[in-house]
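4 protein chains.
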Amino acid sequence: MAGRVSASSKKYSVSIIGASGYSGAELTKLLRLHPSVELKALYAFSQAGKTVSELYPSLSCDMVYRQYNKEQDSDIYFLALPHGEALNIVPALADAGRMVIDLSGDFRLKNTTEHERFYKQIKPSEAVMTYGLPELFLDEIRAVKAISNPGCYATSIILGLAPLFLGNDLSLKISSVSCTAVSGISGAGRSSKTELSFPEMSENLRAYKVGTHQHTPEIMQALGTSASDPSFEFTFTPMIGPLVRGIYSTLAVQLENPADGEMINNLYKNFYREAPFVRLRDTMTEIRHVAYTNYCDVHIANVTKNGTLVIVSAIDNLLKGAAGQAIQNMNIMLGIEQTAGLLF
Amino acid sequence: MAGRVSASSKKYSVSIIGASGYSGAELTKLLRLHPSVELKALYAFSQAGKTVSELYPSLSCDMVYRQYNKEQDSDIYFLALPHGEALNIVPALADAGRMVIDLSGDFRLKNTTEHERFYKQIKPSEAVMTYGLPELFLDEIRAVKAISNPGCYATSIILGLAPLFLGNDLSLKISSVSCTAVSGISGAGRSSKTELSFPEMSENLRAYKVGTHQHTPEIMQALGTSASDPSFEFTFTPMIGPLVRGIYSTLAVQLENPADGEMINNLYKNFYREAPFVRLRDTMTEIRHVAYTNYCDVHIANVTKNGTLVIVSAIDNLLKGAAGQAIQNMNIMLGIEQTAGLLF
Amino acid sequence: MAGRVSASSKKYSVSIIGASGYSGAELTKLLRLHPSVELKALYAFSQAGKTVSELYPSLSCDMVYRQYNKEQDSDIYFLALPHGEALNIVPALADAGRMVIDLSGDFRLKNTTEHERFYKQIKPSEAVMTYGLPELFLDEIRAVKAISNPGCYATSIILGLAPLFLGNDLSLKISSVSCTAVSGISGAGRSSKTELSFPEMSENLRAYKVGTHQHTPEIMQALGTSASDPSFEFTFTPMIGPLVRGIYSTLAVQLENPADGEMINNLYKNFYREAPFVRLRDTMTEIRHVAYTNYCDVHIANVTKNGTLVIVSAIDNLLKGAAGQAIQNMNIMLGIEQTAGLLF
Amino acid sequence: MAGRVSASSKKYSVSIIGASGYSGAELTKLLRLHPSVELKALYAFSQAGKTVSELYPSLSCDMVYRQYNKEQDSDIYFLALPHGEALNIVPALADAGRMVIDLSGDFRLKNTTEHERFYKQIKPSEAVMTYGLPELFLDEIRAVKAISNPGCYATSIILGLAPLFLGNDLSLKISSVSCTAVSGISGAGRSSKTELSFPEMSENLRAYKVGTHQHTPEIMQALGTSASDPSFEFTFTPMIGPLVRGIYSTLAVQLENPADGEMINNLYKNFYREAPFVRLRDTMTEIRHVAYTNYCDVHIANVTKNGTLVIVSAIDNLLKGAAGQAIQNMNIMLGIEQTAGLLF
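Protein chains in written order, with the working numbering: chain A, 260 to 603; chain B, 260 to 603; chain C, 260 to 603; chain D, 260 to 603.
Chain A on its own, in the form it takes in the complex (with noise of 0.2 angstroms):
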């Protein structure tokens, strides 16, 4: 990869491990059709000996899922695994030079203690990786070749907050936000829960892990605040209900001081003028304007004279949420367009 030459004159090869699951597919669908990539091999550990078709018949594809046998021969590797398995398989990855864009939470958060607590998991300090989230932290993606990829609610709670965290020139004081967030069911993978069955979910919805949910470290820590800070408080509620795909999350953020509508319209616009995949709306936000994109549709829905915001954010949680943020970012390091192969 050394040696970068023009996009219509090589194809970098990629490989998928972990590809079965609902992201998995999702980026074999993408990567198949991405014109500066060639797909070389799926890995699937409980799969193994299936073709793509077999699994999911809309992608007519006769790829053969494989064992990983530790193979480095691909230019790039995608890893959209269970948490915990990715950390066994990416330093050696990533010291053979590969690039390597990770899907899972293992290398998200860079305070072990809360890693820990939030996954379950014991981790060493070093596994982290720049946090391949392209509207915040573009010039660090440019410069390194292993990404983590942020998780779904992270993206759509992240987006719809950081220009009021990071955009302002803190004349803004948020003494606290309270998100909820719906999530499609295939958020949960594919799975094979009985309490993900139609019969359970269909005309249901269901919150979980109220404040125990592992994506809520890693949104203090994009935003830069802490659950440690005792002026600010977080509150984070996730639920699913009766839809395949989406993520909408509704942010109530309350300043200490009375806001501008126009002054916060400005602030948003002004964080995301670069931003090709974030859409700032006028009017509502509706998960259907964005399923089977990769764009964040974000609409400030209410600013209140004594200083409440509410601000509506939506994603497709498999492609904004999961595959299509991970080819965004393997399109920023290959230095190739940001929108290469994401628009649909």
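One thing to keep in mind: the hints can contain errors.
Just a few of them, taken from the derived set where beta-carbon distance is under 8 angstroms, the chain B residues facing chain D [as the list claims (entries may be wrong)]:
no. : residue
1   : Asn-347
2   : Ser-435
3   : Thr-439
4   : Leu-464
5   : Glu-492
6   : Arg-504
7   : Tyr-507
8   : Gln-513
9   : Pro-517
10  : Asn-561
11  : Val-569
Per label pair, the in silico range of CB-to-CB distance [what the hints assert, rightly or not]:
no. : chain 1 : residue 1 : chain 2 : residue 2 : range
12  : D       : Leu-292   : A       : Ala-402   : 26 to 36 angstroms
13  : B       : Phe-603   : D       : Thr-563   : 36 to 46 angstroms
14  : D       : Asn-524   : A       : Phe-603   : 30 to 40 angstroms
15  : D       : Ser-319   : C       : Lys-379   : 52 to 62 angstroms
Everything labelled a hint here was simulated from the structure, so no lab data went into it. Even glycine gets a Cβ: it sits at the ideal position worked out from N, Cα and C.
Position chains B, C and D against the provided structure of chain A, taking the given hints into account.
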């Protein structure tokens, strides 16, 4: 139970074996409110030790599921077990004089060869009970104390076709019937199969067991016809779709002679004139019209000059297709109103 | 109705004005089965002349919708009209001594300025009736014959918050509440709006009226607080999602002091110890637990050391949020069991 | 357009008349990404003046819908209008030498009597264009510049049956076909009908136009058979169900003679050996396999000894059933790859 007393002064004791599935839960719900019975015990194997409320919070019921140890101390037993398990339980209960209503397929088919072919399971030839479809076999049901409750698809399809097969003086000669039926996913039971998860079934439809579904011989037996009749073709294509409850059957009937719409209508009206749970509709039948009811709605959708009929028939698979019909059968055997506890 | 007689010997006559919408249909269904009443007339304006079965085939009801011409010949009147229409009908019925239960928002708010602001509609200052939320105002309801039935969001949210506001000795000081609630689409009424069509709402979520929903002042009035209190912030974000029935509310409460989980639990238990339709849950509340019931399920999902609570509250919007609660109010005013006709 | 140039150097200008409905929006989305065309104008009557993004925010398209005033300045015109409206627009465009693809039913039926009977609309006998089903009429499509694009049900059913009718040497004699098809509700267009609202269609199924659907004669015309053939019976029962996209057809075919499974399979394989968008499946077809693709999946689900076949066929109604197929036709007429712009 001999020496019947008035409903106001006596309540029959009832137990459910296999109470923790969807049909068992529906039975639990209905029997608790039924004016003539008292729920005594709920037996469930894998869930023994849990309360009803733990599995079905909506029911607000603190009864505890128990292991079944051949108790015979209730007046009435409902069995809602996976196919094959009732075979070993029903005979002792029936011998002890208990009223028995079995919701499985174990005792439905008279032809053991067909049973073995469709259920992949051997059964003794005497393992047959009265077929509990009240609209066809009311007198037989009144005369017995043990009933095999019909299958859900079978109920919907038989009720849609019975007047043509059983209610006419044979001036109508039927050459073929082609049935399709879409079932709600609760029909597959309380399940943890990946292919029944919400992401797999939302916005989806899937046919299965085309030509091999076990309700096929059940339908033919009730209609008095047979797969071996060379002059009659019967095709049944079951499907599941993105709904929890309901069966929606379309029945295309080919007659050898032209049919007259008014004659067909009168045939149906006459056949069901005393059936409180069959509603002949002048306008199109829909699942929502019967969901959460014990009704079977039947609509004669088309009668062509050259002898093609299209009949549409809809039921709630958990009620008229299972628990509701089971209670209707109990009511008949108890000699009380067919509709007792079934109008909601 | 003076000289109350036993339920077994006397049935009250009941009529519904505005009977053809979803709440009216639910009232029709429930009142037909209620042991103490007899349905006399169904009034519906645009649908006058049709039978109930034409609009709601599931109900098997041949009563004909009629134009309302100021009849006063029933003992009890339910009004389920669009906002603004009951204002002109209720006073005459109340003056004539009829029992009146109005499901609209016309008579809920004491503050006419707030009514005008949120309903865009002027009303006379005397147009206020007792607020029919039995869990808070049981004695008041018992003492009157005319009731304003609460809104659906308001019921869910008030019941989730009331113990904190009304049940404590003020050692808890609440600084802010941030509510979100997802409603089933039946809450919008029987509608022909494009944005509520199946293709627009399947797999979708949409917030609306953020900060301007008319249930906001209703909630604050019932909780004894006010938007003008500078030390208290209240945010309400309503949403509709891909479900027919149900309201699922998440309530993030910020206390000024640390809270103790056990104390909060006891506060709720004590507050609702005699409320037959509020179920405090130890495990997570879901819409399916309350759909097709008159229950409100409340779960205290999180209590943090620094004083943040998350409460989840769920109801069926057409039952506890409308028709069921209306009948619960009727039962109370009639002096019969609160649960009469409401356990199914 | 005369003097065809290479795709890389020339882009054809394209306009859509009737661009604001669901098919129009799908065309807009696909044509913007198509390598060989440039979108010039979007015409829409009731929505003129709005931008695409106002109606379809997901598309991120600022083009403005305009009134159509007989412009002829594009190379290619797609018409996605309600039935009856294209009759007055197409002739002038065709006369002016423009390429025309009409998605309505106006130009499909050769038999004007049948057109009038099924469409309740008179049309001139010359109002017929080449039927744009590429898998059957590829050479005809290549030779013309004006196409009538098939109906959605018709596409699914014809492709499921064509090898039996058109691909065999007539050793197979078909006596009857009974079709049912469940359509996603987007097939009814962008609608504000109460009966298509979410609360009416969630968890529901509804047959309609049984025996009278306008795609019936279209299917028979394409298969080379006729309703007036006394030796052949054709029954079609369309339904809508709780899904947005997709058509799922089950086709029960009665042969006069026994059929051999392998022979049938070979017949289909041979017939579709050069059809890039028909996938013969060895396992069961589902809507999810074809949703958001231009594929038609066909599965021979059952072949009985006595000559009954059950074929299952699935498409995305907005793609292979409308916009995708329209672009496939355009590709063919332009002489470029059939799949250009249609693999996603």
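These are the hints, each one checked on the structure:
Because the beta carbon of Asn-347/B sits about 33 angstroms from the nearest beta carbon in chain D, more than 8 angstroms, this interface hint is broken. The beta carbon of Ser-435/B is positioned within 8 angstroms of a beta carbon in chain D (closest approach about 6 angstroms), and the interface hint is therefore held. This hint holds: Thr-439/B has a C-beta 5 angstroms from the nearest C-beta of chain D, less than the 8 angstroms allowed. Taking 8 angstroms as the C-beta cut-off, the interface hint given for Leu-464/B holds, the closest approach to chain D being about 4 angstroms.
Interface restraint check for Glu-492/B: the shortest CB-CB distance to chain D comes to about 6 angstroms, inside 8 angstroms, so the restraint holds. This hint holds: Arg-504/B has a C-beta 7 angstroms from the nearest C-beta of chain D, less than the 8 angstroms allowed. The beta carbon of Tyr-507/B is positioned within 8 angstroms of a beta carbon in chain D (closest approach about 4 angstroms), and the interface hint is therefore held. Nearest Cβ of chain D to the Cβ of Gln-513/B: about 6 angstroms, under the 8 angstroms cut. The hint holds.
A least Cβ separation of about 11 angstroms between Pro-517/B and chain D goes past the 8 angstroms threshold, and the interface hint is therefore violated. Using the Cβ-Cβ criterion of 8 angstroms, the hint placing Asn-561/B at the interface with chain D is satisfied: the shortest such distance is roughly 4 angstroms. Taking 8 angstroms as the C-beta contact cut-off toward chain D, the hint placing Val-569/B at the interface holds, the least distance being around 5 angstroms. Hint check: Leu-292/D to Ala-402/A, Cβ distance near 32 angstroms, so the stated range 26 to 36 angstroms holds.
About 42 angstroms separates the C-beta atoms of Phe-603/B and Thr-563/D, a value consistent with the hinted range of 36 to 46 angstroms. Distance hint check for Asn-524/D and Phe-603/A: the Cβ-Cβ separation is about 34 angstroms, which falls inside the suggested range of 30 to 40 angstroms. Hint check: Ser-319/D to Lys-379/C, Cβ distance near 34 angstroms, so the stated range 52 to 62 angstroms is violated.
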